[in-house]
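If you want the building blocks of each chain, they are given just below.
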Amino acid sequence: MSADFGSIEETQKALESAGYLAGDSTALVCFLAQELGKPVLVEGPAGVGKTELAKALSRAGGRPLIRLQCYEGLDEAKALYEWNYRKQLLRIQVEASDAGWQEVKDDIFGEEFLLSRPLLTAISEEQPVVLLIDEIDKADQEFEAMLLEVLSEFQVSIPELGVVKARSHPLVLLTSNNSRELTEALKRRCLYLWLDYPDAGRELEIVRLHAPDLQEHVARKLVEVVHMVRDLDLKKPPSIAESIDWARALLLLGAEDVDGELLKRTMSIIVKHRTDLDLVAERVGVKLTDGLIGSRPAG
Amino acid sequence: MAPRLLELADELRREGMAVGTSELLDAFEALRAVSWADQGEFQEALAATLAKSQEDRRVLELVFDRFFYRVAEREAGARGLKEGATLRGEGNGQIDLEELRGRIRDTLRGESEGDLRDLARLAIAASGRLGEGSGVIGVDVQRIRRTLGLKGDAMAGERAGPHSVPRERLREFEGHVRRELERALIERTGSLPPARPLRELDRALPTGPAQDLAAVHRVVAQLRRRLATQGHEHRGRHRSSVVDVRRTMRQSLGTGGVPLELRFRPTRPRRPELFVLCDVSTSVTSASVFFLSVLHALHDSFRKLRSFVFVERISEVTEVFERERSFGDVSRAIAGDAGVADVSGYTDYGRVWLEFLEQVMDDLDPRSTVIVLGDARTNGREPHAKVFSHVAARAGRTFWMNPEPRLYWNYGDSVIQAYEPFCDGVFECWTVKQLEEFVRALAEGKRAGT
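Protein chains in written order, with the working numbering: chain F, 10 to 308; chain Z, 15 to 464.
Incorrect hints may have been included.
As the list claims (entries may be wrong) - With a straight-line cut-off of 25 Å between C-alpha atoms, the simulated DSS-like cross-links for lysine-lysine are:
1) F:K96 - F:K64
2) Z:K318 - F:K244
3) Z:K318 - F:K245
4) F:K64 - F:K22
5) F:K147 - F:K22
6) Z:K400 - F:K245
7) F:K114 - F:K147
8) F:K245 - F:K281
9) Z:K400 - F:K244
10) Z:K447 - F:K147
11) F:K174 - F:K245
12) F:K114 - F:K87
These aren't lab readings, by the way, just hints derived from the structure by calculation. Since the structure is predicted, the reported quantities are computational estimates derived from the model, not experimental observations.
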């Protein structure tokens with residue numbers, strides 16, 4: 010099933026057919042990641058499609074997606090592997106008491122008693138996969154150090170078993186919201202990709218791709234409003250995902266036009282803080298009512 | 015090509031980017047996979063492998079342009095290529111300045127890319143006396159701009175006068191003019207000007223006050239986590255925690271009564287109580303917007319926070335922050351009617367401590383953290399360091415953030431020296447970056463007192 014991308018253009022096309030409009034640099038970095046076999050560190054504000062990129066890559070390349078969600082306190086037992094104590098214990102109990110120590114020891118530290126967690130699964134998979142390590146900045150620094158071996162050598166050392174080498178080369182994406190500085194050692198092993206909010210033209214394409222039935226002029230105005238909202242000083246600026254949600258909502262409501270009244274009713278889809286709501290209503294809502302937006306083309 | 019790339023890497027290192035051998039190897043590897051003819055791809059491939067943060071990318075972009083421009087010029091110089099001749103012949107000596115002016119304005123206003131480079135060359139030729147420039151390129155660029163009567167928009171989106179053009183485009187045009195002038199200079203003198211390091215201003219990412227506020231909020235969110243976990247840095251996993259016997263027994267039922275996994279009582283994160291004092295006198299006017307935004311962000315993250323502003327006397331503004339959510343309203347309220355009891359307008363730190371101690375004496379305990387934002391300039395009044403030491407002794411931790419560069423500390427009426435021994439840390443703090451350093455120092459457990 011899995012197919013490699015032959016060139017940058019091919020990568021871009023494949024991603025597009027998987028429903029992801031990748032910018033030039035995104036396609037280039039994805040292509041490089043596959044060619045060089047290096048992990049990609051994707052950074053950018055929340056909701057610009059970092060996680061979505063991994064999903065699209067998995068669809069486009071026909072590779073299964075394995076996802077590791079990071080959080081504070083994540084450790085090897087949950088990310089790499091763990092011994093299945095209960096099964097080992099049962100095995101020991103079942104074993105006749107006259108069996109030698111060496112036999113039992115060799116036996117219970119076999120692959121049969123190993124519970125493999127996402128990282129180990131990803132590298133021991135027969136066919137190449139896409140490994141997504143999401144929000145790496147949420148995990149502790151110690152965890153980062155542990156990742157180094159996996160990411161640079163694609164192998165995992167298990168003291169009792171030896172080294173498990175990768176059978177296939179996974180495509181690895183790490184995402185970070187920049188809530189803390191990652192270590193140099195990790196950065197050095199990765200290609201770096203910065204995803205930012207797209208410009209109006211591209212965002213319009215994205216919205217149209219995900220809500221194709223929405224009328225052109227409504228979509229255009231929607232994107233314009235979202236851009237204007239992003240320029241305000243908000244706690245949480247609306248992401249691409251939220252503009253898509255909004256587009257779908259407008260479609261459901263059968264909106265013919267984006268006006269002040271409609272914005273007021275549906276604003277909560279793109280703005281998620283109370284204080285932000287007031288600010289948007291005050292700044293953007295007024296302009297919409299006065300018909301100041303939409304008179305000139307977006308872009 | 016390889017030596018060129020190494021030179022580029024050298025230059026990047028001089029600008030403070032950490033480009034290691036492994037990054038360079040990656041870059042070469044990556045360049046094998048992309049076509050070299052396309053400048054965009056070439057540059058992106060380098061960016062993906064060499065730059066590891068957004069700031070790095072920005073530096074790379076700037077250095078990349080400058081570097082390859084210089085390399086090309088050096089090559090041209092070495093081979094004796096010249097294009098100056100064509101430049102002078104253009105327009106048969108006389109160029110209509112008015113017409114040129116119009117053309118440039120239209121191109122700058124239009125959406126299309128236009129051939130800015132050609133126009134720049136024409137502009138230089140038109141302003142004449144190519145060889146007799148002032149010798150300083152920056153001055154020449156401004157001279158040409160004035161001759162052409164080009165003016166940038168006053169504000170983005172605001173259309174001023176008929177002669178103004180979008181600011182961004184104008185800057186782009188100036189860049190072209192500058193470049194052409196440089197080229198002419200190189201051709202004339204036959205040597206390259208010495209390379210200059212990037213200016214701090216150019217290198218900084220474009221930000222606005224709104225983004226600054228957002229950045230402060232982000233750092234303060236980090237601060238909250240650090241304060242909450244401080245003292246637990248070495249907790250490792252399960253170290254110094256208490257076994258929960260009940261849960262361990264329950265757990266062991268699954269393994270036939272053998273307690274294989276220990277269960278621990280969850281450690282309760284400490285609830286920090288913050289007392290923040292913020293100087294809002296005239297001597298820190300420039301910093302006080304920054305300080306207020308720090309305060310504002312703190313109020314967003316901490317529930318147990320009491321904030322005070324002071325000039326000569328102290329007044330509590332916790333309520334103002336809780337009532338007003340937007341930053342603009344808060345600063346207006348504090349500037350206007352929050353009633354900083356202010357007689358002379360001069361800070362009196364000694365008096366502030368006395369009043370502070372009186373007001374919060376009973377609430378200070380070892381769990382509380384006191385943060386002072388101020389320049390410690392008492393205008394020659396009694397600093398009452400003794401009283402401050404009482405405050406510091408009652409509170410668990412005391413930090414001081416000074417908006418002045420360290421160089422100016424203890425000069426004039428600055429008495430930070432008197433307070434420093436009682437603080438757990440004294441920090442220079444007037445940018446987001448320094449605020450971040452403060453947070454990092456907290457995390458590393460650097461404590462001046464112990």
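Comparing the hints with the structure gives:
Distance hint between K96 (chain F) and K64 (chain F) is unfulfilled; the C-alpha atoms sit about 34 Å from each other, more than 25 Å. Simply put, K318 (chain Z) and K244 (chain F) have alpha-carbon atoms about 21 Å apart, close enough for the 25 Å limit, and the pair holds. Restraint check for K318 (chain Z) and K245 (chain F): satisfied, since their Cα atoms lie roughly 23 Å apart, inside the 25 Å limit. Between K64 (chain F) and K22 (chain F) the alpha-carbon distance is near 15 Å, which keeps this suggested pair within the 25 Å criterion.
A threshold of 25 Å between alpha carbons decides the hint, and for K147 (chain F) with K22 (chain F) the separation of about 33 Å lies outside it, so the pair is violated. Proximity of K400 (chain Z) to K245 (chain F) is assessed by CA-CA distance (about 45 Å); at most 25 Å being required, the pair is judged violated. A distance of roughly 37 Å separates the Cα atoms of K114 (chain F) and K147 (chain F); the hinted pair therefore is violated under the 25 Å criterion. Distance restraint check for K245 (chain F) and K281 (chain F): the Cα-Cα separation of roughly 7 Å lies within the 25 Å cut-off, and the hinted pair is therefore satisfied.
At most 25 Å may separate the alpha-carbon atoms for a hinted pair to count; K400 (chain Z) and K244 (chain F) exceed this at roughly 42 Å. For the hint pairing K447 (chain Z) with K147 (chain F), the CA-to-CA distance comes to about 21 Å; that is within 25 Å, so the pair holds. Under the criterion of a C-alpha separation no larger than 25 Å, the hint pairing K174 (chain F) with K245 (chain F) is inconsistent with the structure, at around 42 Å. Annotation: proposed proximity of K114 (chain F) to K87 (chain F) holds, straight-line Cα distance about 24 Å (limit 25 Å).
Taken one by one, the earlier hints fail for this structure at numbers 1, 5, 6, 7, 9 and 11, listed in ascending order.
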